[in-house]
Amino acid sequence: MTGYLFLAILLFSLTAFYVGRSAGNGFVTANGRNVHSRPIYHGAFAAIWVGVPTLILVLLWLLLEDSVIEQLLVASLPASLTDGASPAQISLIVSEIRNVASGRIFSEPSPEIVAAAERYASWGMIARWAMVVVALCAMALALFLARTRMAPQFRARQAFERTLTIMMVFSATAAILVTLGIVVSLTYESLLFFSMVPPTEFFFGLNWEPQIAIRDDQVAGTGAFGAVPVFTGTLLIASIALLVAVPLGLMSAIYLAEFADARVRGVIKPILEILAGVPTVVYGFFAVLTVAPAVRDAGSLFGIAISPNSALAAGAVMGIMILPFISSLSDDAIQAVPRAMRDGSLAMGATKGETITRVLLPAALPGIVGGILLAASRAIGETMIVVMAAGLTANLTANPLEGVTTVTVQIVTLLIGDTSFDNPKTLSAFALGLVLFVVTLCLNVLALRIVQKYRERYE
Amino acid sequence: MAVSTAQTTPPRQTSDRAAQLRRRRYAADRRLKFFGLAAIVTAIALLGILLGSLILTGYQAFVQTHVTIEVAIDPELVDRDNPASGNYRAVVADAVQRLFPEADDPAVLQEGSRIVTNGAQVILRNMVVGNPGLVGTTFSLQVPVSDPYDQLTKGVIQRDSPENRRRLNDAQISLYETLEERGLIETRANWALLFNADSRFPELAGLSGAIVGSFYALLVCFLISFPMGIAAAIYLEEFAPKNRWTDIVEVNINNLAAVPSIVFGLLGLAVFIQLFGLPRSAPLVGGMVLSLMTLPTIIIVTRAALKAVPPSIREAALGVGASKHEVILHHVLPLAIPGILTGTIIGLAQALGETAPLLLIGMNAFLTSPPGGIMEPATALPTQIFIWADSPERGFVARTSAAILVLLGFLITMNAIAIYLRARLERRW
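Residue numbers (my numbering), protein chains in the order written: chain A, 1 to 459; chain B, 1 to 429.
What the hints contain is simulated information worked out from the structure, not anything from laboratory work. Each residue gets a CB set at the ideal place from its N, CA and C atoms; glycine is no exception. Certain hints may be false.
To spell it out: a stretch of chain A is covered by chain B in this simulated footprint if at least three of its residues, at any positions, have a beta carbon under 8 Å from a beta carbon of chain B; those stretches are [claimed, not checked]: (1) 182-190; (2) 224-237; (3) 285-291; (4) 346-356; (5) 436-442.
Chain B residues, not near chain A, derived (Cβ > 12 Å throughout) [to be verified]: (6) Gln20; (7) Arg31; (8) Thr138; (9) Gly155; (10) Leu168; (11) Thr187; (12) Glu354; (13) Gly373.
Quick list of in silico lysine-lysine cross-link-like pairs, DSS-like style, CA-CA up to 27 Å [what the hints assert, rightly or not]: (14) Lys269(A) to Lys33(B); (15) Lys242(B) to Lys324(B); (16) Lys307(B) to Lys324(B); (17) Lys352(A) to Lys33(B); (18) Lys453(A) to Lys307(B); (19) Lys307(B) to Lys269(A); (20) Lys269(A) to Lys352(A); (21) Lys242(B) to Lys453(A).
With the hints as constraints, model all of the structure from the sequences given.
This is the structure we're talking about:
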C-alpha cells in the first residue's frame, strides 16, 4: 500500500505539472508577451509544491507511526500486565503482541494479549488509511493553493528556484547531520555506559571481560570493563600492518615515481589499485584460509607454537590491505616535488638514487607522513579482517605470535545478535565506538592538515 | 675543437679512490632500484596469492556431484489434492531402496540414504506442489549428493588416506563406488549456487537470497545518496557563499569519507533501529546506512565533475539571459553527468563490498528464502560470505571462495561499466 501511495504522489505531481503548464499556456495566449514566467515554470512550481511536502509528510508519518502506536498500546494495556513491570518486560509484552498480531503464535497467548493484538492490528490499519487520506487531501490542497497563486505576473520561476535552493541547502546540511548524529548517539550511549561503569575503570583497567549475563539464568562472566588490553591489541595489530605496508608501499612508490617508465607505470598502478578495491571480508577470509595456517606451519618448522588467531597473521593481511594507500599517497607526494629540485640535484652530478634519498624524500616527507597517518587510521578502524582472523579474548601482550583482540572486534561481538540498550555489555560497545571515532578523526584531521600545508608551500 | 673533445671523451679517472667511490655510488643506485622493483613484485605476488588461493578453493563449488534416483510418487503417500503435506520422507526412502535393489540390510540402506542430500524431500515436495500431475508417476531425477560424498568425488577427501583420518569409512566409500560403477553419479554445473537461498546443507546452499538482499540495499542506497549527493554538491560548488559555515561543511564531508565503516553501523543501530524502530536485518536499514557512507563519495566526485565544466559554458548561458539555476540545470549538469555517473557506480561498488555496518544492523541472519521487499529480513553478499566462512562444514570452504568470486565478479562488472562510461562519454575540454 505504501508503494502505491508513493506512485500516487508521483502521478499527482505529474498531473499538477500539466495543470500548471496549461495554466501558463493560457496566460500566454491571453496576454501575449506580458507574462512573467514561461509556462513550464508554472508547471514545475505546481509539481514541486504538490510532490515534495507530501513526500516529507508521508516519510515522517511512516517513521513515527510505529512508536506512536506502541505508546498508545502500552497506555491501553490493563494495569494487571503493566503494574510494576520494568521497561524491558513491557517491551517483551509489546513484541509478543506484535507477534500475535502478525500471526506468529508460539504458545497460547492470554486473552489480554489477544485483545491488545487485535487493537494493535486495527490501529495499524487505521493509521495506514489515515495516512493515505491525509496525503491525498494535502496534495489536493497544495494543487488548489498553487493554482490560485498563478497569474500572468506571478514569478513562478523565482518561486520554483527558491524551493530548489532550499532542497539543495537541506541536502548539504544532511552531511553535517550525519556527523552530528554520530557524535550525539555515540556520546549519549557512552554517557549511559559511564553512569554504570566509572570512566577510570574503562580507560585504565587492565581486565576486559564484558560477556555478562543479560538474563538472570545465563552463565557468564562477572563483567570487567578495563579497555587497556583492547587498545594495546588494536595498536599491536595496526603496527604490524604498518611494518608490512610502509616499506613495501614506500619502495613501490619510489620505483613507480622515479625509475619506471610511463608504460610500466600504466600497468602497475591499476594492479595496485585492485588491492584497494578488494572488499575487506575477502581479506578476512584470505587471512583465515591461507595466511594463518601458513604462519602456523612456519612457526612449527622452527618449533614455535603460534596461536591460530595470531596478531601476526591478521596484521600482515591488514598490511596488504593498506599498502595501496601508502604507495599511491607517497607516489603523489614524490611527484609533487617541483621539477627544478630534481633537475638541480641531477645537474650537480648526483645519481638518481642520491637524488631520491637526499632531495626528493626529504621534500616529500610531509606528504608521505600524511599518507602513513591516513593508513594508520584505516588500520585502526578496519573491522572484517580482525573479526575473522584475530582473537576474541583480551590479552595484554606485545607478543605478535599470541592472539589479541581489537576495538572493532569487540564492538562486533558485543552487538551481534540480540541487543538491549540497558546493560553495560551493549553500551560498552558504544564507548569503544566513541574512542575509535575520536582517535580516527584526530588522525585524519592531522593527516589532512599536514598534506595541505605542504602542498601550499610548493604551489 | 679542444672543447668538443673534452665533451665526447669519457671522464678521466683521476684516481683509483674516485673510481671506487663512483662504483659504490652506482651500486647504491642499483640497490635502491632493485628494492623498489622487489617491493612491487612482492605486492603483485601477494595479490596473485590472494586471487589464486580463492580460485583454487572456489572453482570446485561451481560444480556439484549429482546422483540419479528413480522416484515413484505413490498416491498413498502424497494426496493429489493436497500435495503440500505428503509424506515425502517415505518417497525418498523408497527411492533409496530402488537405488540399492539388492540390499536388504536396514543398516546398509541407512548408509545409502546418507548419500542423497538431506534436502531431497524438500526438492521433491516443491516439484510436486508445482506440478500435481506427477502424483502416481515414476520418473528419474538428479539430486545433489550430500557434502562428504561431493568432497570425495572432488578429491578433497582422499580415498587412499588412512580410514580413521577421513570423514567416510571404507564401507561408505565402497557403497558409493557401486553407484559410480552403475553410472548414476554425474558432476555438473552448480546452478544452485546462484539460484538457491541459504541452507544448512552445503550442497543446497546458494546465494540468491544474498544477491536479492544486496540488490535491495543498493537500490535504497542509490535512491537516497544519488539525488541528495548531487543536490549538496551543486549547492556547495555553485551557490554556497565562501564563509565559515561552508568551510565547516567541506571539512566535515572530507572527514566523513574517512570515518571507519563500523561507526556508521553503530549510528544505524542506535538511530534507525533503536530510535526510529525500523526493523532489524531489513535491506531498508542496510541501504540507509550504506547511503550515509556513499553520500560523501558522491558529493566529492560530483563537485569534481562540476568543476571540470569550463567557465565559458556558464558565461555563454548567462550571456543569453539564463538564470543561475537555468545555467546549471540546462547546461552544466548535463555536461557533468558522465563524471557523476562514473563516480556513483564506483561509490556503489564500494557499498556492495561493505560488511561491518551490515553485521551491526543484523543482516547476518540465517534465512532460507530471499527477501520479498525492503522491509523483510535479508542478508547481503558480503555478510553471506561472513556467515559461510564461519560454518564448520567442509563444503562451505569452497562455497565461501565461490561466493567471493561471485562478489568480485559483480565488483569487476560495475567498475568496468564505470570505466566504459568514462572513456565513452567524458569530454576533455
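Here is how each hint holds up against the structure:
{"no.": "1", "hint": "182-190", "result": "holds (count 5)"}
{"no.": "2", "hint": "224-237", "result": "violated (count 0)"}
{"no.": "3", "hint": "285-291", "result": "holds (count 5)"}
{"no.": "4", "hint": "346-356", "result": "holds (count 5)"}
{"no.": "5", "hint": "436-442", "result": "holds (count 4)"}
{"no.": "6", "hint": "Gln20", "result": "holds, 15 Å"}
{"no.": "7", "hint": "Arg31", "result": "violated, 8 Å"}
{"no.": "8", "hint": "Thr138", "result": "holds, 39 Å"}
{"no.": "9", "hint": "Gly155", "result": "holds, 18 Å"}
{"no.": "10", "hint": "Leu168", "result": "holds, 23 Å"}
{"no.": "11", "hint": "Thr187", "result": "holds, 23 Å"}
{"no.": "12", "hint": "Glu354", "result": "violated, 7 Å"}
{"no.": "13", "hint": "Gly373", "result": "violated, 8 Å"}
{"no.": "14", "hint": "Lys269(A) to Lys33(B)", "result": "holds, 17 Å"}
{"no.": "15", "hint": "Lys242(B) to Lys324(B)", "result": "holds, 17 Å"}
{"no.": "16", "hint": "Lys307(B) to Lys324(B)", "result": "holds, 16 Å"}
{"no.": "17", "hint": "Lys352(A) to Lys33(B)", "result": "holds, 9 Å"}
{"no.": "18", "hint": "Lys453(A) to Lys307(B)", "result": "holds, 22 Å"}
{"no.": "19", "hint": "Lys307(B) to Lys269(A)", "result": "holds, 25 Å"}
{"no.": "20", "hint": "Lys269(A) to Lys352(A)", "result": "holds, 21 Å"}
{"no.": "21", "hint": "Lys242(B) to Lys453(A)", "result": "holds, 20 Å"}
Against the hints set out earlier in the document, violations occur for numbers 2, 7, 12 and 13.
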